[in-house]
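Peer 1: The residues making up each chain are set out below.
Number of protein chains: 2
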Amino acid sequence: MAMFDDEYFMREALRQAKLAYEADEIPIGAVVVWGTKIISRGYNQVEQLNDSTAHAEMIALTAAFNQLGSKYLPEATLYVTIEPCLMCSGALYWSKIGRVVFGATDVKNGYARITGENSPFHPKTELVHGILADECAQLMKDFFAAKR
Amino acid sequence: MAMFDDEYFMREALRQAKLAYEADEIPIGAVVVWGTKIISRGYNQVEQLNDSTAHAEMIALTAAFNQLGSKYLPEATLYVTIEPCLMCSGALYWSKIGRVVFGATDVKNGYARITGENSPFHPKTELVHGILADECAQLMKDFFAAKR
Chain Y
603 MAMFDDEYFM REALRQAKLA YEADEIPIGA VVVWGTKIIS RGYNQVEQLN DSTAHAEMIA
663 LTAAFNQLGS KYLPEATLYV TIEPCLMCSG ALYWSKIGRV VFGATDVKNG YARITGENSP
723 FHPKTELVHG ILADECAQLM KDFFAAKR
Chain W
603 MAMFDDEYFM REALRQAKLA YEADEIPIGA VVVWGTKIIS RGYNQVEQLN DSTAHAEMIA
663 LTAAFNQLGS KYLPEATLYV TIEPCLMCSG ALYWSKIGRV VFGATDVKNG YARITGENSP
723 FHPKTELVHG ILADECAQLM KDFFAAKR
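Protein sequence lines correspond, in order, to chains Y and W.
Heads up, the first sequence is in the numbering used here, so the first residue is 603 and it goes up one at a time.
Heads up, the second sequence is in the numbering used here, so the first residue is 603 and it goes up one at a time.
There are no misleading hints in this set.
Any copy will do: because identical chains look the same in the list, a pair fits if it lies in one copy or spans two.
Cut-off 30 Å, straight-line C-alpha distance, at most; resulting in silico cross-link-like pairs (DSS-like, lysine-lysine):
| id | residue 1 | residue 2 |
| --- | --- | --- |
| 1 | K726 | K743 |
| 2 | K710 | K698 |
| 3 | K749 | K726 |
| 4 | K620 | K743 |
| 5 | K698 | K749 |
| 6 | K620 | K639 |
| 7 | K673 | K749 |
| 8 | K743 | K673 |
| 9 | K698 | K620 |
| 10 | K710 | K743 |
| 11 | K749 | K710 |
| 12 | K620 | K673 |
| 13 | K710 | K726 |
| 14 | K749 | K620 |
| 15 | K698 | K673 |
| 16 | K726 | K639 |
Keep in mind that the hints were calculated from the coordinates and are not lab data.
Make a model of the complete structure from these sequences and hints.
Peer 2: Listed below in structure tokens is the structure:
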């Protein structure tokens with residue numbers, strides 16, 4: 603079993619999601635990986651920044667562009683705990699990222715509800731999902747249950 | 603004829619687009635208006651910031667959130683010279699903005715190519731397009747013609 607597999611990096615995204623949870627934000631986290639190195643991290647900061655576009659993926663992507671000095675990420679993988687929304691899937695399109703790996707689907711806010719049969723991603727982007735899906739979804743359920 | 607009509611504010615968005623043009627960026631500009639006041643401006647800065655998500659709308663939206671201290675903009679209007687892409691339409695969704703007014707359609711990169719019959723915007727967002735469409739499109743044509 604490889605040490606640096608998709609589960610390994612999704613656990614890192616989950617750590618970011620837990621930081622969001624602790625900050626009373628909807629618990630979604632993301633990391634961008636280049637080879638076996640995490641080059642950026644992000645978690646949902648919509649409330650803290652008072653910015654409804656401050657999603658985990660947006661923060662991680664912009665940090666990755668800055669880190670690499672490149673506006674394209676064809677050799678990188680973004681891991682995110684929950685299916686990206688339409689905005690974030692569009693951002694991933696522009697980044698030309700090599701792979702997108704997400705955990706749990708999001709029937710309400712995920713991109714697929716709007717895009718249907720049309721993929722929002724770049725044709726060269728590989729998509730994987732379902733990695734640690736139960737853990738990623740459970741964190742969301744716990745958050746919303748605690749809110750009620 | 604009203605002084606502060608959609609054409610007036612679209613001309614302000616066009617001024618932003620021209621700033622992008624002068625900076626050798628794809629010439630798209632945006633402004634966010636609250637009542638008759640422009641509360642934020644943005645133009646495409648993808649090259650300058652080395653960030654493929656630095657679109658006019660994203661910059662103008664984040665500036666508007668900061669300006670108003672609110673992550674929602676239900677009483678504001680965003681004017682943008684070209685049809686928003688999928689990312690920007692998703693960002694506008696999250697902002698719950700009152701109105702979106704765009705100039706020219708973008709058959710290649712506009713949201714409608716992906717979303718088809720499904721609107722990406724919030725149900726409460728009013729959509730208007732075609733304001734100064736020829737001028738908005740011409741600036742893009744001039745830019746790409748000069749690039750060839």
